[in-house]
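So the sequence lines, in the order shown, correspond to chains V and W. Quick note: the first sequence, position 33, residue 33 per our numbering, numbers continuous. Quick note: the second sequence, position 5, residue 5 per our numbering, numbers continuous.
Don't take every hint at face value.
Said to hold, decoys possible - 27 angstroms max Cα-Cα, derived DSSO-like pairs, lysine-lysine: (1) W:61 with V:44; (2) V:11 with V:71; (3) V:44 with V:78; (4) W:49 with V:44; (5) V:44 with V:71; (6) W:68 with V:44; (7) V:15 with V:62; (8) V:15 with V:44; (9) V:62 with V:11.
These are calculated hints, taken from the structure and not from any lab test.
Residue strings, one per chain:
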Amino acid sequence: EAGVAQSPRYKIIEKRQSVAFWCNPISGHATLYWYQQILGQGPKLLIQFQNNGVVDDSQLPKDRFSAERLKGVDSTLKIQPAKLEDSAVYLCASSLGPGLLKNIQYFGAGTRLSVL
Amino acid sequence: AQSVTQPDIHITVSEGASLELRCNYSYGATPYLFWYVQSPGQGLQLLLKYFSGDTLVQGIKGFEAEFKRSQSSFNLRKPSVHWSDAAEYFCAVGDAGNMLTFGGGTRLMVKP
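Whole structure, please, built from the sequences with the hints as guidance.
Below is the structure:
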């Protein structure tokens, strides 16, 4: 079974530029998550999708971050414009769906973003 | 709001020695608890989970964890550490809405 795919693996940009990350979840997984992991910290949830709808985006900085999952499969996370403090690893995870036993989250390898 | 504390930022053990990583949580209802491991440049891999029932949970790679409600703890243990266990370990608590809150992580180093 293929895992969660993320691209690119690394990205270096200058502040005020824009950047986009892509995630393809495990086939059949209805729920998709984006996390931000700052160096030395645990992952922090940014946004959760159920199919193509947003379940929770309370911790997403909406003035600069946006995410979409238009067809309920793959997803894109965008930052525009980037700030220095956005330097982090952006992790995508997916799970079968709601319900306790279905909600084991499987993580991709992440995209490491450096903002200079 | 739920929270997770991992008191030890770094731990170093000798290969073959036993290991215990601490995790304390704060949650108002029955917690759903997880341990994940992250190797350098990799995503998080689930080691084990606790939903209900037996408070001693077995996981992959020889790890186990014990849920102690009275102490709000979910410590991870392994009787004999291998060099390949060197990684960062994250404890997480999940709520009824399947939202995970992670602790800050413990970095494990293994001495030969």
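**Request:** Would you list, in rising numerical order, the hints stated earlier that this structure does not obey?
**Result:** none
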